[in-house]
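Number of protein chains: 2
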Amino acid sequence: MEKIDVGKKILRENDKHAFENIIFLTERKKLCLNMISSPGSGKTTILARTITELKGKVKIGVIEGDIQTDIDAERIRETEAPAVQINTEGACHLSAPQISDALKILPVDELDLIFIENVGNLVCPSAFALGESGKIAVLSVAEGDDKPAKYPAIFAKSKAMLLNKIDLLEGGHVDFDVERAKADARRLNKTLEVFPISARTGEGMAAWCDWLVNSVRETVK
Amino acid sequence: MEKIDVGKKILRENDKHAFENIIFLTERKKLCLNMISSPGSGKTTILARTITELKGKVKIGVIEGDIQTDIDAERIRETEAPAVQINTEGACHLSAPQISDALKILPVDELDLIFIENVGNLVCPSAFALGESGKIAVLSVAEGDDKPAKYPAIFAKSKAMLLNKIDLLEGGHVDFDVERAKADARRLNKTLEVFPISARTGEGMAAWCDWLVNSVRETVK
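Chains A and B are the protein sequences, given in the same order.
The first sequence: position 141 = 140 (numbering that gives the first Met the number 0), numbered continuously.
The second sequence: position 27 = 26 (numbering that gives the first Met the number 0), numbered continuously.
Be careful, since some hints might not be right.
Unchecked claim - Where chain A lies over chain B, by a calculated footprint (3+ residues, C-beta under 8 Å):
#, region
1, 114-124
2, 143-150
What the hints assert, rightly or not - Estimated spans, in silico, between C-beta atoms of each pair:
#, chain 1, residue 1, chain 2, residue 2, range
3, B, S99, A, E202, 46 to 52 Å
4, A, E77, B, V5, 38 to 44 Å
5, A, A155, B, G133, 49 to 55 Å
6, B, E178, A, R11, 32 to 38 Å
7, B, I70, A, K28, 39 to 45 Å
8, B, E202, A, R27, 52 to 58 Å
9, A, Q67, B, I70, 30 to 36 Å
10, A, G170, B, D14, 45 to 51 Å
11, A, N86, B, E79, 42 to 48 Å
Simulated from the structure, these hints should not be mistaken for lab results.
Just so it is clear, CB atoms sit at the ideal spot from N, CA and C, and this is done for glycine as well.
Chain A extracted, bound-state conformation (with noise of 0.2 Å):
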């Protein structure tokens, strides 16, 4: 009997439906960030701050990945940004096929950036291609410094690093060393880009959008 490898066979068909994500994508010359991270790391508030940041200089779109509810999606409509929310029933991460299903319902001709919110989860969905341009890692200082170093794959592949809740960094309400995250990071990732930023606050914020601005305009060129 052949010994058919499951976790390869699942692989491959999503990996399909990840490249037609990537034609359709690149035709319309879109930029598409997949973001990831445990769940509570400030995804969404990230969003919509990011959102309100850019008004007037980058549309953006998001596609919200959730096992279950529509909180996020509905956070995401408060900012008047187009919001497609995907519930997994259970599944731990988005799949490329439902990235297809949701790129018919959103106005990507209208859009610049589209942000994937994968489901709240360190490990899992860093194994899946959705078709995006590049993964963003989110790290809340309330995680503690040595994630990086023991889930080390999504710090590998992604294209920047989030740190995030720096507010409570001040006063010293968590330990956190930024240095030994950021270091271990780039241990795995040369090339990794790194915002220290406060979603929150608004601190570092401007950082995180001029790097975005800069990525929609390397993506239209």
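On the provided structure of chain A, position chain B as indicated by the hints.
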């Protein structure tokens, strides 16, 4: 061709080992708790503090699950408790055969309570029985009060929920409605015990430790 449900087959194989672990632990009257949470919610810090506070009262051993590194087992060993590190090499959850192996290494007969610290992941570990007496969900208040609604499985299946890092609530460093999180979790699980704690300051640890002492007492009856 017969359709094979691979997900079910993997779970069946896992459950066979989980059942063996239950027999092994029940025969020896050992309490075994499987701690599940997002990365960085404070599982290891909680365990280290719990071990220290219960020294002389409850003999605790730990099975540490991580994708990579033995940072966590080292932190546990500093408390002088025995700890076995399992590296899953990329896998997003511990599985029952790994626990069977670890139980052969731990000095089980000398212990009252075995903690399993699962891989940091609020989704996948909840689907894999390990042979534990019960699951403990850990949620840091830095992660947001919407997590029981967004990631229901683990809250529905747990004996207790630890709401950690409550020191961040004072001074309003994070927005987290304890009553909302509690209500959402109890909607999924009427008998869920809830312990608001700070493993950093020690607040609330006494109630949690009392509950553990009682649970050990019930197990050896």
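Going down the list of hints, with the structure as the test:
Note: the region 114-124 of chain B has 6 residues with beta-carbon separation from chain A under 8 Å; the three-residue rule is met and the coverage holds. With 6 residues bearing a CB less than 8 Å from a CB of chain A, the region 143-150 of chain B meets the requirement of three and the coverage assertion stands. In this structure, S99/B and E202/A meet the distance hint of 46 to 52 Å, their C-beta atoms being roughly 48 Å apart. Taking the beta carbon of each, E77/A and V5/B are about 41 Å apart, inside 38 to 44 Å as hinted.
Restraint check, A155/A to G133/B: a C-beta distance of roughly 35 Å breaks the suggested window 49 to 55 Å. In this structure, E178/B and R11/A break the distance hint of 32 to 38 Å, their C-beta atoms being roughly 47 Å apart. Taking the beta carbon of each, I70/B and K28/A are about 43 Å apart, inside 39 to 45 Å as hinted. Checking the proposed 52 to 58 Å range against E202/B and R27/A shows it holds: the Cβ atoms sit about 53 Å from each other.
Between Q67/A and I70/B the beta carbon distance is about 32 Å. The supplied range of 30 to 36 Å therefore holds. Evaluation of the 45 to 51 Å hint for G170/A and D14/B yields a pass: the beta carbon distance comes to about 47 Å. Against the hinted window of 42 to 48 Å, the Cβ-Cβ separation of N86/A and E79/B comes to about 46 Å, which satisfies the hint.
When each numbered hint is compared with the structure, violations occur for hints 5, 6.
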